[in-house]
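A.B. asks: Below, each chain spelled out in residue letters.
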Amino acid sequence: MLFLIEYKRTQGRIVTFKTFDDSHRSEAERSRLELELELNQRHIDHEIVLLDATDEHALRRTHRRYFEDAVQIANSLNGGS
Amino acid sequence: MATLSKTQIDRLGNRLKKGSPSDDDLRLLDKYRRSFGPAYDFIIRTIRGTLRLEPTGRPAKSTSSIAEKLRRESIRLSQVQDIAGCRVVVADIFAQDQTIAMLREAFPQIRVIDRRISPSHGYRAVHVIVDSEPVTVEIQIRTALQHLWAELSERLADVVDSSIKYGGGDQQIIQILTTESELIAKLELFEKDFSSPPNETAETHNSKIRQIQEDTARMKADLVVRLRSIISLLKGRQR
Chain A
-17 MLFLIEYKRT
-7 QGRIVTFKTF
3 DDSHRSEAER
13 SRLELELELN
23 QRHIDHEIVL
33 LDATDEHALR
43 RTHRRYFEDA
53 VQIANSLNGG
63 S
Chain B
365 MATLSKTQID
375 RLGNRLKKGS
385 PSDDDLRLLD
395 KYRRSFGPAY
405 DFIIRTIRGT
415 LRLEPTGRPA
425 KSTSSIAEKL
435 RRESIRLSQV
445 QDIAGCRVVV
455 ADIFAQDQTI
465 AMLREAFPQI
475 RVIDRRISPS
485 HGYRAVHVIV
495 DSEPVTVEIQ
505 IRTALQHLWA
515 ELSERLADVV
525 DSSIKYGGGD
535 QQIIQILTTE
545 SELIAKLELF
555 EKDFSSPPNE
565 TAETHNSKIR
575 QIQEDTARMK
585 ADLVVRLRSI
595 ISLLKGRQR
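Quick note, the sequences are listed as chains A and B, same order. Just so you know, we're using our numbering here: the first sequence kicks off at -17 and counts up by one. Just so you know, we're using our numbering here: the second sequence kicks off at 365 and counts up by one.
Chain A on its own, in the form it takes in the complex:
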């Protein structure tokens, strides 16, 4: 599964979150470029990334910083996950 994420780093906040089926890779890549061009024209500096994970659960595990704040990440050390 593919995930297109637009992330506002300074606020640690996801602005756009779109999912695509694996078979729609070209569409996902096109969307990423379109979003990048759109934000560039508006002089908006956000991180835009396309990630490829088995499911959303796996994505949230390997890329916590997009979804959890520092307290949540520190606390998860207790659970060891």
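In case anyone wonders, no lab produced these hints; they're calculated from the structure. There could be a bad hint or two in this list.
[Claimed, not checked] Among chain B residues calculated to face chain A with C-beta under 7 Å, some are:
id	residue
1	Thr420
2	Gly421
3	Val453
4	Glu518
[What the hints assert, rightly or not] Distance windows between CB atoms, simulated:
id	chain 1	residue 1	chain 2	residue 2	range
5	A	Lys0	B	His569	46 to 56 Å
6	A	Arg12	B	Gly413	19 to 29 Å
7	B	Arg416	A	Thr(-2)	27 to 37 Å
8	B	Glu418	A	Ile(-4)	20 to 30 Å
9	A	Arg12	B	Thr542	35 to 45 Å
10	A	Glu20	B	Lys556	44 to 54 Å
11	B	Ala566	A	Asp4	44 to 54 Å
12	B	Lys395	A	Gln23	16 to 26 Å
13	B	Asp579	A	Thr1	39 to 49 Å
14	A	Thr(-2)	B	Glu564	56 to 66 Å
15	A	His6	B	Glu497	20 to 30 Å
16	B	Gly413	A	His6	19 to 29 Å
No experiment lies behind these values; they were computed from the predicted model shown. Backbone N, C-alpha and C fix where the C-beta goes; we use that ideal spot for every residue, glycine too.
For chain A, the structure is supplied; the task is to place chain B on it using the hints.
C.D. replies: Below, chain B without anything else, positioned relative to chain A:
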């Protein structure tokens, strides 16, 4: 699709470094990043299918990350090794070593960058660079603890100061992150000791295991307390 020349790629890198890329620059970068697609697909398929691991792939590094890397490291765009890559999070240091061994078998042309031996500003992990001519693909292998540390450092870099990841910014935060990284390294060394074949009586060995388990639990609890102190520090400043 015509292949980009090295000169074209590096000139694009120079423009990205300066900031404010044009739309044409972004289209060209997109084309360059897509050229990593076949190598990326092959590597991800092998890791998922043959090695039975669950990586999260990043077929193309984000534009902002590429521009930052070019500014930070004074390298050319054609030299950036992690345009395409993936991340694997494994349970512990044994699984990490095992994964490296499996990757060595699966891909003949790899280079291993062991950031457990040489941490980068506290960042510990193993990066495997697969040479798949004419491109490279980076595989990050992290233990659960190394991963949590890295996520915390990245999150703090996002919301507090981007230079935190590279040892800059608030020195109190840096000091805490450095201490935690050293603590995790110690804990993982304990884990390794834990697995050594016993050269002693069962009673002595079991007693050592109990001691290591207690030490590990204590260190983990200490880690959480210290990490929470970072948060309190930040909250205090926001008031």
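A.B. asks: Would you mind marking each hint as holding or not holding in the structure?
C.D. replies: Going through the hints against the structure:
1. Thr420: holds (4 Å)
2. Gly421: holds (4 Å)
3. Val453: This interface hint holds because 6 Å falls under the 7 Å limit.
4. Glu518: Result: holds, 5 Å to nearest chain A Cβ.
5. A:Lys0 with B:His569: 46 to 56 Å: Roughly 53 Å apart at Cβ, these two residues keep to the hinted range, so it holds.
6. A:Arg12 with B:Gly413: 19 to 29 Å: With Cβ atoms ~27 Å apart, the hint holds.
7. B:Arg416 with A:Thr(-2): 27 to 37 Å: holds (33 Å)
8. B:Glu418 with A:Ile(-4): 20 to 30 Å: Cβ of Glu418 (chain B) to Cβ of Ile(-4) (chain A): about 22 Å, so the range 20 to 30 Å holds.
9. A:Arg12 with B:Thr542: 35 to 45 Å: holds (43 Å)
10. A:Glu20 with B:Lys556: 44 to 54 Å: Taking Cβ atoms as reference, Glu20 (chain A) and Lys556 (chain B) lie about 50 Å apart, which means the hint holds.
11. B:Ala566 with A:Asp4: 44 to 54 Å: holds (51 Å)
12. B:Lys395 with A:Gln23: 16 to 26 Å: Holds - the Cβ-Cβ distance for Lys395 (chain B) and Gln23 (chain A), about 19 Å, lies within 16 to 26 Å.
13. B:Asp579 with A:Thr1: 39 to 49 Å: holds (43 Å)
14. A:Thr(-2) with B:Glu564: 56 to 66 Å: holds (58 Å)
15. A:His6 with B:Glu497: 20 to 30 Å: Taking Cβ atoms as reference, His6 (chain A) and Glu497 (chain B) lie about 29 Å apart, which means the hint holds.
16. B:Gly413 with A:His6: 19 to 29 Å: Roughly 21 Å apart at Cβ, these two residues keep to the hinted range, so it holds.
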